[in-house]
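Q: Chains as they are written, first to last, in the numbering used here: chain A, 360 to 544; chain B, 6 to 327.
Just so you know, the hints here were simulated from the structure itself, not pulled from any lab data.
All of these numbers come straight from a predicted model, not from anything done at the bench.
A portion of the hints provided could be inaccurate.
What the hints assert, rightly or not - Below, simulated DSSO-like cross-link-like pairs (lysine-lysine); rule was C-alpha separation at most 30 Å, straight line:
1) A:K447 / A:K383
2) B:K53 / A:K447
3) B:K53 / A:K526
4) B:K151 / A:K446
Claimed, not checked - Per the computed footprint, the stretches of chain B lying under chain A, defined by three or more beta-carbons under 8 Å from a beta-carbon of chain A, are:
5) 124-136
6) 170-176
Ideal Cβ positions, reconstructed from N, Cα and C, are used throughout, including at glycine.
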Amino acid sequence: MSKYVMVIDQRRCIGCMACIVACKAENDVPEEHFRTRVIQEVEGEFPKLRMELRSELCNHCDNPPCVYNCPTGASYKDKENGMVLLKKNRCVGCKACIASCPYDARYIDPRHGYADKCTFCSHRVAKGKEPACVQTCIGRSRIFGDIEDPESEVSLLLREHHHEVLKPAAGTEPNVYYINRILKG
Amino acid sequence: MTEVTITGMNSITYPHLEVWNWLVAMYLFLGGLSAGILIMSAIANLRKWPDSASGPHCEKGVMFAPFILAFGMLFIFLDLERKTNIFWFYLTLQPFSPMSWGAWGIMIIIPVSFLYALSTAPPESRHNLRFGVLIKLSDMMWPHMKRLAMISFGLGIFLGIYTGVLLSNMLARPLWNSPILPVLFLTSASSTGAAFLIIVARRAAVKLFYTKLDIWLIFAEIVIIVLFFYGQYNSSVSSKASIMPFFTLSHEFFFYFFAVFLMAVLLPLALVMKLIEMREDHADVLSEATIFRMNLSAVMVLTGGLIIRLALIYAGQLVKFM
Chain A
360 MSKYVMVIDQ RRCIGCMACI VACKAENDVP EEHFRTRVIQ EVEGEFPKLR MELRSELCNH
420 CDNPPCVYNC PTGASYKDKE NGMVLLKKNR CVGCKACIAS CPYDARYIDP RHGYADKCTF
480 CSHRVAKGKE PACVQTCIGR SRIFGDIEDP ESEVSLLLRE HHHEVLKPAA GTEPNVYYIN
540 RILKG
Chain B
6 MTEVTITGMN SITYPHLEVW NWLVAMYLFL GGLSAGILIM SAIANLRKWP DSASGPHCEK
66 GVMFAPFILA FGMLFIFLDL ERKTNIFWFY LTLQPFSPMS WGAWGIMIII PVSFLYALST
126 APPESRHNLR FGVLIKLSDM MWPHMKRLAM ISFGLGIFLG IYTGVLLSNM LARPLWNSPI
186 LPVLFLTSAS STGAAFLIIV ARRAAVKLFY TKLDIWLIFA EIVIIVLFFY GQYNSSVSSK
246 ASIMPFFTLS HEFFFYFFAV FLMAVLLPLA LVMKLIEMRE DHADVLSEAT IFRMNLSAVM
306 VLTGGLIIRL ALIYAGQLVK FM
């Protein structure tokens with residue numbers, strides 16, 4: 360069985376926002392909504408400043424509050440590959456998943472009324488391709504792969520580098536890992 | 006110094022989450038109110054009254070419970086983005102989703118509370134039910150009134166707690182993510198239920214009975230509200246930040262400050278009015294002035310219950326888990 364994860368190497372992000380554009384084009388994301396975002400955070404006092412470019416997306420958590428709060432089973436965790444996905448036809452648009460996500464990764468598609476979010480481009484992955492944001496990433500900052508395969512690029516990166524996840528205290532066990540994050544707290 | 010620039014923030018989550026609004030607050034309020042009516046009427050009907058050996062003492066009020074709950078459901082229905090998919094609630098039971106439990110629970114509570122209401126109709130006034138089938142049903146339920154009252158008491162507790170769990174289950178929203186919230190909502194629900202029954206009850210003894218009960222409930226509610234804010238203040242950074250809108254007198258947060266201010270005035274004032282009421286000697290028939298005072302304090306309690314839910318729904322979406 361596979362377990363897909365994304366590694367974001369922040370040393371390599373140049374903030375070109377191509378990932379955002381690629382995602383919107385690939386997934387027909389409605390206006391004013393995004394499945395991925397890039398946060399530019401500058402910390403410190405001049406001249407001692409440090410800037411972090413941080414890509415954020417659905418963390419495809421192992422302990423996903425969006426799935427537990429969904430009253431209809433529309434949100435589910437795929438047992439085959441670990442992705443948090445949606446059965447859109449089942450969604451009633453109650454917004455419980457949006458309110459329960461600590462990462463604000465979801466939105467309501469105003470054209471159809473269902474909740475939506477990053478799917479790791481599951482339709483592309485099923486065909487053996489990489490997610491659109493990964494394929495388009497000019498600096499190779501986003502790396503996608505199967506963490507269960509010890510020889511995969513993500514496994515090697517995570518073995519060799521110190522890595523962090525967002526909001527670990529939330530206990531959601533995210534599957535998006537960051538290399539070279541500004542240490543918080 | 007921290008400067009943050011975000012490219013690609015969803016309009017729904019920026020500058021803060023705006024997914025649930027007054028429709029959900031109304032649903033929680035009306036759900037809580039019907040829960041309170043069920044709990045309070047069950048208490049009244051299960052206790053021994055000095056003036057009669059048996060029989061219902063709350064036959065007027067309990068009939069409102071299923072209709073108020075159904076009316077509350079209308080608000081959550083209006084909040085759904087895909088209303089035609091509502092049947093999916095009833096094609097699955099998600100064990101970890103409070104909303105799923107609530108959807109099923111309400112489907113049980115509405116008919117049971119309706120049967121309970123029918124069972125409380127005394128034989129002499131049963132003709133008021135108008136429809137033959139309802140009168141027959143009422144005849145059938147009459148012997149089971151006590152049993153239905155006990156079941157309704159349990160269902161009322163479930164419903165009152167559920168309205169709080171729906172929010173407290175949201176780890177991502179620190180204002181809601183408190184174990185005290187379901188207790189606060191249950192107490193507030195019971196208090197609003199008692200207040201509602203004070204308004205609709207006709208008999209002086211029943212009105213005074215609920216007034217006595219409501220004194221304890223309002224007192225408990227005030228203590229729980231204080232403990233809720235105190236607990237949040239002494240918890241994590243996120244929890245502390247989440248209550249700040251209630252204590253910040255700025256233009257942006259004025260409504261939250263005003264909500265706390267109103268609750269701090271309404272609830273104690275209603276409590277004082279009820280205490281004065283209890284100290285006075287009352288005849289079997291209450292004077293108009295007494296009834297007015299009782300109803301006024303009950304309206305204050307109901308307003309307080311609505312304000313709590315509105316304030317918590319909106320403020321809960323201002324601060325996220327950090």
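Q: Now tell me, hint by hint, if it's right for this structure.
A: Structure-based check of each hint:
For the suggested pair K447 (chain A) and K383 (chain A), the alpha carbons sit about 18 Å apart, so the restraint of at most 30 Å is met. Taking the CA atoms of K53 (chain B) and K447 (chain A), the gap is about 54 Å. The hint is violated against a cut of 30 Å. For the suggested pair K53 (chain B) and K526 (chain A), the alpha carbons sit about 55 Å apart, so the restraint of at most 30 Å is broken. As the CA atoms of K151 (chain B) and K446 (chain A) are separated by approximately 45 Å, the hinted pair breaks the 30 Å bound.
Coverage of a stretch by a chain is defined here by at least three residues with a beta carbon nearer than 8 Å to that chain's beta carbons; for the stretch 124-136 of chain B and chain A the count is 0, and the condition is violated. For the stretch 170-176 of chain B, the proposed coverage by chain A is satisfied: 3 residues have a C-beta within less than 8 Å of a C-beta in that chain, meeting the threshold of three.
This entry does not satisfy hints 2, 3, 4 and 5, going by the numbered hints stated previously.
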